[in-house]
Amino acid sequence: MHIVVCMKQVPRDNSVKINADLTINADGIEQIMNLFDEYAVEEALQWNEKLGGKVTILSIGPEDWKEQIRRALAMGATDSLLLSDPTFTNLDTFGAARVAAAAIKKLGDVDLVLCGRNSTDDETGAFAPALARLLGWTQLTYVGKVVTLESGKIVAERHLEEVVETVEASLPAVATVVKGINEPRYPSLLRIRKVAKVEIPTWSAADLGLSAADLLPALSLVNRVPPPPRPKGEVIEGKDASEKVARLVDKLMEAQVI
Amino acid sequence: MANEIWVFIERTAHGDMAGVSKELLGKARELADANSMKVGALILGAGVGDLANVAFSYGADTAYVVDDGALAQYTTDGYVGTAAMLAKKYQPALILTGATFQMRDFSAALAAELDTGVAADSTNVSIENGTVSAVRSSHGGNVINTLTFAPGRTAVVSVRKQSFPEPQANPGRSGAVVTEALPGVPMRARVVSVAPKQGAVNLSDAAIIVSGGRGLGSPENYYKLIPPLAEAVGGAYGASRAIVDAGWVPYEHQVGQTGKTVSPKLYMAVGISGAIQHLAGMRSSRTIVAINKDPDAPIFRVATYGVVGDANEIVPLLTEEIKKRTGK
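So the sequence lines, in the order shown, correspond to chains Y and A. This note's numbering applies: residue 1 is where the first sequence begins, and numbers increase by one. This note's numbering applies: residue 259 is where the second sequence begins, and numbers increase by one.
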């Protein structure tokens, strides 16, 4: 079984700024593995331990993004692949899906692609569905449990807002996972040291046979602003807790929210 | 490109039209009237009954219906394959869907199938001189993006519910029904079963949410204080990531970047410091109450009303006071 995990590097928190050219400025914010992708890595590793084969970490980004790939290798992934090219700098979700699809086609022997349900920065949740359609594969989004994974078949629970839907699908497939599907492991120090010097293969746009047209964004970003500031609030004062509480309830009743 | 705006019609568990579909029909009607366009309702399912007439009453001019046993349950292959066939044939300028998990699955795959893009989880959509634009937030609500679609390609926009008001139904309105057969698309996935989710809390639908955080001190304090206050105000109870990860409260209750995004009319944050990941999930709430013993906690920066003090002292008093004053 060859499982590919698509992993994105994102800012640890979203206290980002907006540059004059509308790009995102995350200077000074630590870059981490997208939290939902950690669950995808862990799920891939657990199935790999049962079934054998390969777990390949696939990421799109500049050369200096290798740190998070190494973290996934230290967790136990067997292989890695960085897709890196100056023309990938401003990919949108569907552009990224086209790049990943080209790489997965080139790998050739992939049975299952796992991703987090969305990235915590762009939050589109559209990468995996686009990837599945581009590959012509089945998709299973919001998976909270993989029940069965075997040659040519996956059975998984999709954890939707109010129901759990159990779906049986043929492989190859693309699946996204939700938080809570597992407990991601911490990489051991021993393994961190072991993978520190591992060569991470890197493919460029040319290696993938991608042209400039493949990388064009589907949507044009025409404006980007911070949210409007919230109206200034007030601190409820009082001589003791009872007085503060009584005043708070007055305010809430005046505002007709209780 | 046809001059039509389509709305994908979603149904509730009882088979009625979902509120978000009515909201979207109302918005589509408004955009269509302003731009000399028409509104189409996209109705897929098995035994769709009277939905076309309901769609007409909320503003649709045409209902595109595929009624087939193979569409009894949502599958990406069945629904996206069918919708793509219809969209390629009739070329709508814009397709609007809700933004539930199922619709996020559908809209993104449909956009890819139509070789266009998707504006996911949008909060507004407009059309000017034939160009469709959508507004969506990213980065935990810290960035508001306006995106435009290339003219001549079908725009696909999934829209967060309650972004638009629900229009008045006009039961006398009528329209045209276009019935199509299920296209021959491969169906590679099968729904084996659908079960209610254990401990499901629909925080996104709650008008009032009371959330607790690490400042409460222990899971015992959380359960002693938060659910009773939530009950007194008729709300649901939520939690910060810190106490979900610590195992105090199940993940279903988590509000924030890796939990649920909510915007109730009243959000009460008790013992929550207000990490940016938490603010991401609740900062658009209408009224925010913060109770925290640290006067410098970031939660006070977004709070409408702040109370500085020990939650263990304040919350029982607050619960009693609210019960007394609201007569519950």
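Hints were generated in silico from the structure; no laboratory data involved. Because the structure is a prediction, the values reported are computed rather than measured. For glycine and all other residues, C-beta sits at the position ideal for the given N, C-alpha and C. Please note that a few of the clues may not be correct.
Unchecked claim - Just the calculated beta-carbon pair ranges, DEER-fashion:
1) Y:Leu107 x A:Gly442: 49 to 57 Å
2) A:Pro409 x Y:Met253: 48 to 56 Å
3) Y:Ser242 x A:Asp552: 49 to 57 Å
4) A:Pro574 x Y:Val222: 50 to 58 Å
5) A:Glu424 x Y:Glu234: 53 to 61 Å
6) Y:Leu107 x A:Gln426: 52 to 60 Å
7) A:Gly442 x Y:Ala212: 20 to 28 Å
8) A:Gly442 x Y:Glu162: 28 to 36 Å
9) A:Thr584 x Y:Ser188: 23 to 31 Å
10) Y:Pro228 x A:Glu478: 35 to 43 Å
11) A:Asp552 x Y:Leu221: 49 to 57 Å
12) A:Gly327 x Y:Met253: 34 to 42 Å
13) A:Ser451 x Y:Glu234: 48 to 56 Å
14) Y:Ala212 x A:Pro429: 29 to 37 Å
Within 53 to 61 Å: is that where the Cβ-Cβ distance between Glu424 of chain A and Glu234 of chain Y falls? violated (33 Å)
Is the gap between the beta carbons of Ser242 of chain Y and Asp552 of chain A within 49 to 57 Å? Since the Cβ atoms of Ser242 of chain Y and Asp552 of chain A sit about 21 Å apart, the hinted range of 49 to 57 Å is violated.
Should the hint that Ser451 of chain A and Glu234 of chain Y are 48 to 56 Å apart at their CB atoms be regarded as holding? holds (51 Å)
That 35 to 43 Å hint for Pro228 of chain Y and Glu478 of chain A (C-beta), does it hold up? About 39 Å separates the Cβ atoms of Pro228 of chain Y and Glu478 of chain A, which means 35 to 43 Å holds.
Cβ separation of Asp552 of chain A and Leu221 of chain Y, checked against the hinted range 49 to 57 Å: Violated, since Asp552 of chain A and Leu221 of chain Y (Cβ atoms, about 38 Å apart) do not stay within the stated range.
Starting from the range 28 to 36 Å, see whether the pair Gly442 of chain A and Glu162 of chain Y falls in it by beta-carbon distance. Given range 28 to 36 Å: holds, Cβ gap about 32 Å.
Verify the CB-CB distance for Leu107 of chain Y and Gln426 of chain A against the hinted window 52 to 60 Å. holds (55 Å)
Determine whether the Cβ-Cβ distance between Ala212 of chain Y and Pro429 of chain A falls within the hinted range of 29 to 37 Å. Violated, at about 53 Å.
For the hint 34 to 42 Å, verify it against the beta carbon of Gly327 of chain A and that of Met253 of chain Y. Cβ of Gly327 of chain A to Cβ of Met253 of chain Y: about 53 Å, so the range 34 to 42 Å is violated.
Verify the CB-CB distance for Pro409 of chain A and Met253 of chain Y against the hinted window 48 to 56 Å. Distance hint for Pro409 of chain A, Met253 of chain Y holds at roughly 51 Å.
Given the range 49 to 57 Å, decide if the beta-carbon distance of Leu107 of chain Y to Gly442 of chain A lies inside it. With a Cβ separation near 30 Å, Leu107 of chain Y and Gly442 of chain A fall outside 49 to 57 Å, so the hint is violated.
Range hint compliance [Cβ, Pro574 of chain A to Val222 of chain Y, 50 to 58 Å]: holds (51 Å)
The earlier numbered hints that this structure contradicts are 1, 3, 5, 7, 9, 11, 12, 14.
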